[in-house]
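There are 4 protein chains.
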Amino acid sequence: MPEKTNTATLLLSCPDHRGLVARIAQFIFTHGGNIIDLDEHVDTNEGLFFLRVSWDMEGFALSGEEVCNAFQPMGDEFQAQWIIKLSHAHDQRRLAILVSKYDHCLQEILWRHGLGEFDADIALIISNHPDLKPLADQHRIPFHLFPITKENKMQQEQKELSLLKNENIDTVILARYMQVLSPSFVQAYPNGIINIHHSFLPAFMGGNPYKQAYERGVKIIGATSHYVTDNLDEGPIIEQDIIRISHKDALDDLIRKGRDLERWVLARGLRLHLQDRILVYGNKTVVFD
Amino acid sequence: MPEKTNTATLLLSCPDHRGLVARIAQFIFTHGGNIIDLDEHVDTNEGLFFLRVSWDMEGFALSGEEVCNAFQPMGDEFQAQWIIKLSHAHDQRRLAILVSKYDHCLQEILWRHGLGEFDADIALIISNHPDLKPLADQHRIPFHLFPITKENKMQQEQKELSLLKNENIDTVILARYMQVLSPSFVQAYPNGIINIHHSFLPAFMGGNPYKQAYERGVKIIGATSHYVTDNLDEGPIIEQDIIRISHKDALDDLIRKGRDLERWVLARGLRLHLQDRILVYGNKTVVFD
Amino acid sequence: MPEKTNTATLLLSCPDHRGLVARIAQFIFTHGGNIIDLDEHVDTNEGLFFLRVSWDMEGFALSGEEVCNAFQPMGDEFQAQWIIKLSHAHDQRRLAILVSKYDHCLQEILWRHGLGEFDADIALIISNHPDLKPLADQHRIPFHLFPITKENKMQQEQKELSLLKNENIDTVILARYMQVLSPSFVQAYPNGIINIHHSFLPAFMGGNPYKQAYERGVKIIGATSHYVTDNLDEGPIIEQDIIRISHKDALDDLIRKGRDLERWVLARGLRLHLQDRILVYGNKTVVFD
Amino acid sequence: MPEKTNTATLLLSCPDHRGLVARIAQFIFTHGGNIIDLDEHVDTNEGLFFLRVSWDMEGFALSGEEVCNAFQPMGDEFQAQWIIKLSHAHDQRRLAILVSKYDHCLQEILWRHGLGEFDADIALIISNHPDLKPLADQHRIPFHLFPITKENKMQQEQKELSLLKNENIDTVILARYMQVLSPSFVQAYPNGIINIHHSFLPAFMGGNPYKQAYERGVKIIGATSHYVTDNLDEGPIIEQDIIRISHKDALDDLIRKGRDLERWVLARGLRLHLQDRILVYGNKTVVFD
Chain V
107 MPEKTNTATL LLSCPDHRGL VARIAQFIFT HGGNIIDLDE HVDTNEGLFF LRVSWDMEGF
167 ALSGEEVCNA FQPMGDEFQA QWIIKLSHAH DQRRLAILVS KYDHCLQEIL WRHGLGEFDA
227 DIALIISNHP DLKPLADQHR IPFHLFPITK ENKMQQEQKE LSLLKNENID TVILARYMQV
287 LSPSFVQAYP NGIINIHHSF LPAFMGGNPY KQAYERGVKI IGATSHYVTD NLDEGPIIEQ
347 DIIRISHKDA LDDLIRKGRD LERWVLARGL RLHLQDRILV YGNKTVVFD
Chain L
107 MPEKTNTATL LLSCPDHRGL VARIAQFIFT HGGNIIDLDE HVDTNEGLFF LRVSWDMEGF
167 ALSGEEVCNA FQPMGDEFQA QWIIKLSHAH DQRRLAILVS KYDHCLQEIL WRHGLGEFDA
227 DIALIISNHP DLKPLADQHR IPFHLFPITK ENKMQQEQKE LSLLKNENID TVILARYMQV
287 LSPSFVQAYP NGIINIHHSF LPAFMGGNPY KQAYERGVKI IGATSHYVTD NLDEGPIIEQ
347 DIIRISHKDA LDDLIRKGRD LERWVLARGL RLHLQDRILV YGNKTVVFD
Chain W
107 MPEKTNTATL LLSCPDHRGL VARIAQFIFT HGGNIIDLDE HVDTNEGLFF LRVSWDMEGF
167 ALSGEEVCNA FQPMGDEFQA QWIIKLSHAH DQRRLAILVS KYDHCLQEIL WRHGLGEFDA
227 DIALIISNHP DLKPLADQHR IPFHLFPITK ENKMQQEQKE LSLLKNENID TVILARYMQV
287 LSPSFVQAYP NGIINIHHSF LPAFMGGNPY KQAYERGVKI IGATSHYVTD NLDEGPIIEQ
347 DIIRISHKDA LDDLIRKGRD LERWVLARGL RLHLQDRILV YGNKTVVFD
Chain A
107 MPEKTNTATL LLSCPDHRGL VARIAQFIFT HGGNIIDLDE HVDTNEGLFF LRVSWDMEGF
167 ALSGEEVCNA FQPMGDEFQA QWIIKLSHAH DQRRLAILVS KYDHCLQEIL WRHGLGEFDA
227 DIALIISNHP DLKPLADQHR IPFHLFPITK ENKMQQEQKE LSLLKNENID TVILARYMQV
287 LSPSFVQAYP NGIINIHHSF LPAFMGGNPY KQAYERGVKI IGATSHYVTD NLDEGPIIEQ
347 DIIRISHKDA LDDLIRKGRD LERWVLARGL RLHLQDRILV YGNKTVVFD
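Protein chains in written order, with our numbering: chain V, 107 to 395; chain L, 107 to 395; chain W, 107 to 395; chain A, 107 to 395.
Note that these hints are calculated values from the structure, not bench results.
Check each hint, because a few of them may be wrong.
As the list makes no split between identical chains, a pair holds if one copy fits it or if it spans any two.
Below 30 Å or equal to it, Euclidean Cα-Cα: the simulated BS3-like pairs (lysine-lysine) are [what the hints assert, rightly or not]:
id: 1; residue 1: Lys390; residue 2: Lys354
id: 2; residue 1: Lys271; residue 2: Lys317
id: 3; residue 1: Lys363; residue 2: Lys191
id: 4; residue 1: Lys354; residue 2: Lys256
id: 5; residue 1: Lys191; residue 2: Lys354
id: 6; residue 1: Lys265; residue 2: Lys363
id: 7; residue 1: Lys390; residue 2: Lys363
id: 8; residue 1: Lys390; residue 2: Lys317
id: 9; residue 1: Lys271; residue 2: Lys256
id: 10; residue 1: Lys191; residue 2: Lys239
id: 11; residue 1: Lys207; residue 2: Lys363
id: 12; residue 1: Lys191; residue 2: Lys256
id: 13; residue 1: Lys271; residue 2: Lys259
Generate coordinates for the entire structure from the input sequences, incorporating the hints supplied.
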């Protein structure tokens with residue numbers, strides 16, 4: 107697995123112009139890196155350049171800290187948004203998972219994390235209900251209860267944000283969290299909050315998507331993982347998947363079948379995010395998978 | 107193949123009550139029929155009974171005409187909507203295909219028809235543009251040109267309806283026909299007009315669904331075949347399917363990939379319709395496949 | 107959900123002849139049952155009749171025990187293999203799960219069982235390794251360790267069979283159990299042992315299917331749940347599913363992606379089995395889903 | 107669409123070492139090219155480097171012929187297998203399609219070709235039966251009849267090869283051609299003959315795969331497009347896809363459903379080939395899609 111090798115990964119987007127690949131590849135070569143995977147895409151309509159490149163750190167002349175410093179001038183020159191991640195770094199990504207009462211998405215993430223599928227620390231779980239505390243305890247992950255009412259919502263969210271800050275959280279996962287986050291929360295984590303919506307967006311936005319699907323009489327249901335923005339269910343889509351249903355499926359069957367989709371689509375979206383395979387532009391994503 | 111055997115098929119829906127299956131099976135047995143396939147479903151919420159049953163006509167005591175007459179009293183008693191179709195009847199279903207300029211859906215239907223996949227006569231093709239006349243000629247199917255403007259739309263539709271009536275058309279297929287039918291046309295063919303919409307309904311209703319999908323940045327596109335009702339793109343869904351796309355796909359790629367979906371989903375929907383596998387109730391369908 | 111209603115389900119196969127559906131439906135009607143779902147299929151090549159019918163026990167004149175006795179003469183007359191199951195019966199199906207070291211299939215079954223997706227008791231877990239005992243403990247399911255060597259295999263299997271008998275086990279699940287069962291074990295549970303094979307059978311039978319798939323360079327991998335017969339990986343197939351792979355996927359990625367398939371395909375196969383939706387004939391299955 | 111832009115595409119494989127991407131990107135940049143898409147992959151087990159890069163020829167300093175000459179020394183130095191294709195070149199790829207009696211794959215290719223999906227000339231059709239001559243005539247493509255018997259097979263193949271040579275054919279498509287090509291024919295077109303096999307290889311190799319699938323009782327059938335090598339059905343796989351079947355599907359239904367798969371999988375494989383997206387190594391493929 108490439109994950110086991112000691113690698114560095116650069117993820118970068120910037121205005122397109124001639125010579126970008128040559129410059130970046132030259133930078134890696136000059137310091138002794140061997141490129142393992144490179145995926146590049148230009149949106150010719152928008153004039154935007156997207157790149158993800160991983161190289162073997164075996165024999166690379168720069169340490170983790172040095173490589174960022176060394177790349178900085180080129181990043182500035184390209185007016186790029188960029189990040190360099192090292193597979194063997196000690197500062198792993200730190201996740202917070204927000205849940206309410208449903209356990210299936212949380213279970214799935216915890217189970218996959220235990221198998222090593224996610225290269226990250228699950229630092230804490232936040233919920234507005236106490237129901238999933240035993241599951242958190244079982245995995246020895248701190249569980250923080252923040253009951254939400256109309257009146258206390260803003261204060262509770264501020265406390266949650268303080269907690270996330272103190273814990274150096276960089277990615278927030280809404281694992282069927284049944285509260286809408288307010289704009290100030292969302293803006294604290296641009297492209298850092300991942301939600302699972304239980305429909306094939308943009309179909310069936312809002313509440314009760316399975317009921318909506320049942321009543322419309324569709325033959326396929328879906329799930330969507332996406333980054334959270336101010337507009338509910340309208341953020342950049344990361345991953346989607348579907349499953350067939352028929353007239354024999356009652357609403358409860360849709361919920362049961364959809365549960366499986368939700369688990370998969372959230373887990374796949376999270377893995378793509380943690381592997382730095384996603385670039386957001388406008389309201390869309392480039393996913394290098 | 108059941109299609110080759112001499113069979114009769116009863117498709118029926120009615121209010122549910124005890125003993126319906128026993129009565130219908132007894133009717134078939136009494137006259138010497140052997141049931142090959144029976145699929146029954148009750149919507150317990152709505153209290154509705156749906157059934158499709160096919161039996162071998164070998165040794166059956168009633169001829170095609172007689173079987174309908176014999177079943178009539180039971181159908182009346184059950185307050186049922188029902189139809190009995192005979193595989194070896196001379197009075198095949200008669201189709202009209204409405205097209206504009208795109209040929210892919212028409213090609214697909216004509217090709218499959220040539221292979222014997224559709225048990226029906228394609229009686230005629232209607233278009234508002236002359237572009238596909240050569241294709242119709244090649245298959246020796248009468249091609250009728252009805253150019254549509256804002257001014258003449260109602261008159262042209264009336265002429266089309268007269269033509270359809272004269273030709274004993276019972277099923278109308280909108281094979282990427284780029285005109286919205288007016289309510290009077292739609293009402294002349296309740297559950298008899300099949301449309302292909304090039305999106306995963308209810309996502310991206312209305313015009314330019316591929317452009318809408320491209321701009322939204324979805325990771326999957328779809329197509330939907332449905333019966334046409336007065337509300338555009340809101341009729342009962344027959345069949346849906348999807349295909350994956352990525353950031354590498356430009357709008358033209360969506361159109362190209364979607365073209366394949368449209369062909370399949372329309373052809374599958376039409377086949378289900380022609381095999382009397384669909385029962386409409388409210389705005390939904392029971393599909394016995 | 108039909109599962110919540112008090113229903114009876116008859117699953118039956120026998121030589122085909124006229125009047126079977128009428129007789130069975132009449133039997134249900136006579137005693138006051140209302141049929142909710144009936145699915146019937148005739149294999150006209152083999153002359154075999156397959157049927158699954160569920161009816162509402164509300165107002166049904168016979169109790170659970172009585173219904174079997176009442177149906178017995180008809181079953182005998184039809185030379186049928188049949189079973190009648192009652193949704194609200196106290197004698198639930200009793201499962202034994204056999205595992206080795208991998209936990210993913212076991213986790214999936216336990217989690218779904220906790221959600222109520224399987225209408226059965228998980229009576230015990232058997233393993234040839236101690237690794238999964240903590241997981242069994244956590245769910246408070248008795249865990250029995252039977253280490254297997256070449257020398258002790260027959261004796262250990264006999265002990266396992268005694269245990270299964272004592273515990274009234276009717277279904278055995280091989281959840282990535284890494285031992286081949288000997289014929290005497292298999293014959294004790296005809297169509298009662300369900301295995302998950304981590305390939306799209308009949309491709310890649312035998313050991314290391316992911317390695318075989320990797321080396322062949324396929325673009326899709328699969329998983330298969332099937333009943334166990336004397337011939338390894340050749341029993342009647344219940345369910346299959348697939349996932350796409352590419353040249354970027356190393357062997358470890360195949361294993362990771364396949365793990366998800368195995369979980370789904372085993373769980374779906376088990377659910378179909380527990381809902382009495384499967385009829386085996388020859389080496390094939392009729393699956394009424 | 108990239109196809110509309112004037113682009114050059116380099117497809118290359120060679121032993122991996124440091125600096126390859128930098129050197130190639132520098133080559134393109136030096137002559138004024140702007141890279142649109144670059145996909146690179148290293149098989150770290152085998153130590154092999156694979157790359158596909160497309161750049162805009164707008165403002166590029168070298169003409170089509172010159173670019174190959176200019177790249178030659180670098181290709182030699184890297185011990186690479188490589189090809190550079192120009193989107194606006196006059197020397198399009200030239201295809202020969204071999205068929206027998208089934209028309210569905212041929213129809214599909216001709217229809218897509220008419221839509222501009224394949225950037226190639228269909229130079230001729232060869233068949234061992236006269237059945238599809240009318241279809242060839244209709245599309246004004248030369249049709250060559252070479253009836254095959256056990257006795258004349260070698261001579262007929264030699265004549266076919268002469269014809270292919272005279273017509274400068276570079277890609278041969280077996281569109282359900284029902285003859286096995288002899289090794290000398292195959293060796294004349296290494297990685298240049300594409301076959302569609304009507305099963306999910308390696309399952310059901312050899313003759314009558316649908317019958318094999320029907321008898322095995324699988325729940326999913328497939329199709330595979332692959333390059334032809336000396337070992338029947340064992341060449342490098344390009345593309346695969348599947349469709350669900352059930353106990354209701356008779357052998358004829360498998361054939362009908364499979365027909366659709368064959369069309370899609372062959373067409374997708376051919377498109378990938380014509381867009382220079384496939385690199386063969388050993389018995390596997392890298393597909394840059």
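Hint check results:
1. Lys390 <-> Lys354: Close across copies (12 Å), not inside one copy (36 Å); limit 30 Å.
2. Lys271 <-> Lys317: neither (37 Å within a copy, 40 Å between copies)
3. Lys363 <-> Lys191: between (36 Å within a copy, 24 Å between copies)
4. Lys354 <-> Lys256: neither (39 Å within a copy, 43 Å between copies)
5. Lys191 <-> Lys354: Between copies only: 20 Å across chains, 48 Å inside a chain, cut-off 30 Å.
6. Lys265 <-> Lys363: Neither: 36 Å inside a copy, 38 Å across copies.
7. Lys390 <-> Lys363: For lysine 390 and lysine 363, the Cα distance is within 30 Å both inside one copy (27 Å) and across copies (20 Å).
8. Lys390 <-> Lys317: Cα proximity of lysine 390 and lysine 317: in one copy and across copies (27 Å, 14 Å).
9. Lys271 <-> Lys256: For lysine 271 and lysine 256, only the intra-copy Cα distance (24 Å) is at most 30 Å; the inter-copy one is 57 Å.
10. Lys191 <-> Lys239: This pair counts as neither: shortest intra-copy Cα distance 33 Å, inter-copy 38 Å.
11. Lys207 <-> Lys363: both (18 Å within a copy, 28 Å between copies)
12. Lys191 <-> Lys256: neither (40 Å within a copy, 49 Å between copies)
13. Lys271 <-> Lys259: within (18 Å within a copy, 57 Å between copies)
Against the hints set out earlier in the document, violations occur for numbers 2, 4, 6, 10 and 12.
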